[in-house]
Amino acid sequence: MEKTETRVIVFTCNWNAYSSLEAAGVEGLSYPAGVYAVKVMCLGRLHPGLILKAFEQGADSVLLLGCPPGECHYGFGNRHAEEVFAEARALAHLLGIAEERLRLDWLDVGDGHAFVEKVTAFIEQLCSFQPSTLPPSH
Amino acid sequence: MPDPIKQTITRHRAYYCLECGKCTATCPVARQDSGFSPRRIVEEVVAGRAHAVLESPLAWACLTCRRCSEICPSDVHYSEFTRELRILAREIGHQGACTHGDTIHTWMRMMADPALKQNRLDWLMGDLQVSPTSDTVYWVGCLPYYDVLFRRQGFQGVDIARAAVRVLNALDIVPAVLADERCCGHDLLWQGDVNTFRHLAELNLELLRSTGARRIVTSCPECAYTLKVDYPAFVGNTGMEVLHIAELLSASDLLSAIRHLLSATRHPPSATHHSPSATYQDPCRLGRYMHVYDAPRQLLRALGIEIVEMAHAGKTSTCCGTSGWTNCGATSKAIQVERLREARATGAEMLVTACAKCQIHFLCAMDDPRLGAEIEMPVRDLITLVANALE
Chain A
372 MEKTETRVIV
382 FTCNWNAYSS
392 LEAAGVEGLS
402 YPAGVYAVKV
412 MCLGRLHPGL
422 ILKAFEQGAD
432 SVLLLGCPPG
442 ECHYGFGNRH
452 AEEVFAEARA
462 LAHLLGIAEE
472 RLRLDWLDVG
482 DGHAFVEKVT
492 AFIEQLCSFQ
502 PSTLPPSH
Chain B
4 MPDPIKQTIT
14 RHRAYYCLEC
24 GKCTATCPVA
34 RQDSGFSPRR
44 IVEEVVAGRA
54 HAVLESPLAW
64 ACLTCRRCSE
74 ICPSDVHYSE
84 FTRELRILAR
94 EIGHQGACTH
104 GDTIHTWMRM
114 MADPALKQNR
124 LDWLMGDLQV
134 SPTSDTVYWV
144 GCLPYYDVLF
154 RRQGFQGVDI
164 ARAAVRVLNA
174 LDIVPAVLAD
184 ERCCGHDLLW
194 QGDVNTFRHL
204 AELNLELLRS
214 TGARRIVTSC
224 PECAYTLKVD
234 YPAFVGNTGM
244 EVLHIAELLS
254 ASDLLSAIRH
264 LLSATRHPPS
274 ATHHSPSATY
284 QDPCRLGRYM
294 HVYDAPRQLL
304 RALGIEIVEM
314 AHAGKTSTCC
324 GTSGWTNCGA
334 TSKAIQVERL
344 REARATGAEM
354 LVTACAKCQI
364 HFLCAMDDPR
374 LGAEIEMPVR
384 DLITLVANAL
394 E
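Residue numbers (the working numbering), protein chains in the order written: chain A, 372 to 509; chain B, 4 to 394.
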C-alpha cells in the first residue's frame, strides 16, 4: 500500500489537539493527504461505536488525539476516553483489526509541529506492515 | 406491481383483526407508554394509513415479544407484521433510535464483509475440548463481543461460552467451534435491515454447510430461532438440527447423565441440604417463539434448585424490556424495573435466564443509584449454573 493511499481518521479534541492542527495550518506545515480530522469537543464524547464506524466506513486506521493526562478541559474526559479506547481496541481485535491501526495519544495546546510528527509517525508505522483486513471496496 | 403494504397485511393476517384490543391490554410497552397501541397500529395500516406508521417512532417501539400473539383471538402475527413494516420503513430512510452508540449494529454490519478474519476464539483455552470434525457445532454468537462491551455492568460473556463447552465435554460431546462464525443477523433483521441480514446468513450458511456437522447447539435463544426459522424463510436451510443448549440437555438421556454426574460431585443435591431457590426469566425467542418452557426448568430442578415462578411466567412472561439493541429508554427501564420487582417478590435467591441479552438488560437496569437495593438481585446464566454444578 502506498503511503498516500492510507486513510486515517483523526479524532481531535477541540482544545489541545485541534488547536495544534490549526497551528499546523497557520504555520503552513504539511501532513499526509490521507489524514481526515474529525473534531469533537472532548475525546470523552467518543464511544466504541464511533470508532468502529470509522473502520466500517473505510478508514485504514484511527488515531485519537486529546489532552495530556490531568489537563482535560472537562476534568474527566480523557480518563473516559481511555476506557472507551480500551473497549474499542478489544472489539477491533475481535474483528481482526490489527492493534497498530488504532492509537490513543495526546498533544500540548497549539503545537503544530507535534501534530504533524504524530500523524506522520502513525502513518509510517502502518506502512511497515500489511494493514487492512478490509477489502478496498469498503 | 403488488402493493407491499397489502402483502404485509395479508401475509400476517392483519385483515383478521377484530379490534378487540387484547393485544394492547397485554402489551408490556403499552402498559408503560399510552402512546403505543398495537391495535391502533394494525387499524391504521389496514385503513390505508400505513405511511403515518412507517414515518412514526412507534414503528420501532414493539419489543416483538409475542405476548400479544399469545392472546390474539384472530391469530394476527403482530411481531412479523411489525418486522415487515420496519423493512418498508427502512426503505424510505427511517430507522429506530440506536442504543450503545450503534456499536453493536456497526460490528454486525462489519461482519457482513466476506474478507473479515476475526479473532473470536481467544476464550477457548485450558482443558476445553473442541474438534473441527465434530457432528455438533457449538454456535457461540456475539458473546465475545458483548463480553467487551458489558464488562462494566458485570456481564461475563465468554464465561457462558466456556460453560457451554464444559457442559458438552462433561457429557462426552466434543463440539466444533467456528473461527469464522459471524453474527446470525437476528437484530438487524428485526430492525428491518434485511439486506445485511441476508449477507450474514449467506456467509454463515456456507460456513455451516462446510462443517459437515448434523446439528447446531446455541447458547443464545435468538441465534437458535434465527438459524432454525429465519434462515430457511429468507435465505436457505442449514440442513442441520438447531437446538438451544437447554433443549439439548433436557433430552432424557442427557438429563439422566447430568443427574448421574451431579451425584458424583462433592455437593450432590439432597433433601437435607438447603436447596437454593431461583426464579426463571423465559427469553421471548426460547419461550413464545420456540415453545421451550420446560427444558430450562428441568435443568434447574436437576441441579437441586427450587423454582419459584414470577407472577408472569411461561407464555405470559414479560420481556426484559429491549430488543434488537434499539429504542431503549424510559419505557424499557420501567418494564425492567417492574420485572425485577416481580422477581424479587418471589423471594427467590436469584434470577436465572437462558439469554445473554436478558442478563445484560437486567444488570443494566439494576445499576441505578436511586432505586438501588429495591430492585437488586443476583442474575445468573442457566448454562453457567449447570457447568459450575458439574465441577
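Just so you know, the hints here were simulated from the structure itself, not pulled from any lab data.
It should be emphasised that the depicted structure is a prediction, and the values quoted were computed from it without experimental measurement.
Keep in mind that a hint or two might mislead.
From the structure, some residues in chain A lie toward chain B, with a derived Cβ separation under 8 Å [what the hints assert, rightly or not]:
(1) E458
(2) A461
(3) V480
(4) G481
(5) A485
(6) V487
Even for Gly, the Cβ is constructed at its ideal location relative to N, Cα and C.
### Query
Any hints this thing doesn't respect? Which numbers, in order?
Hints 3, 4, 5, 6 are the ones this structure does not satisfy, whereas the remaining hints hold.
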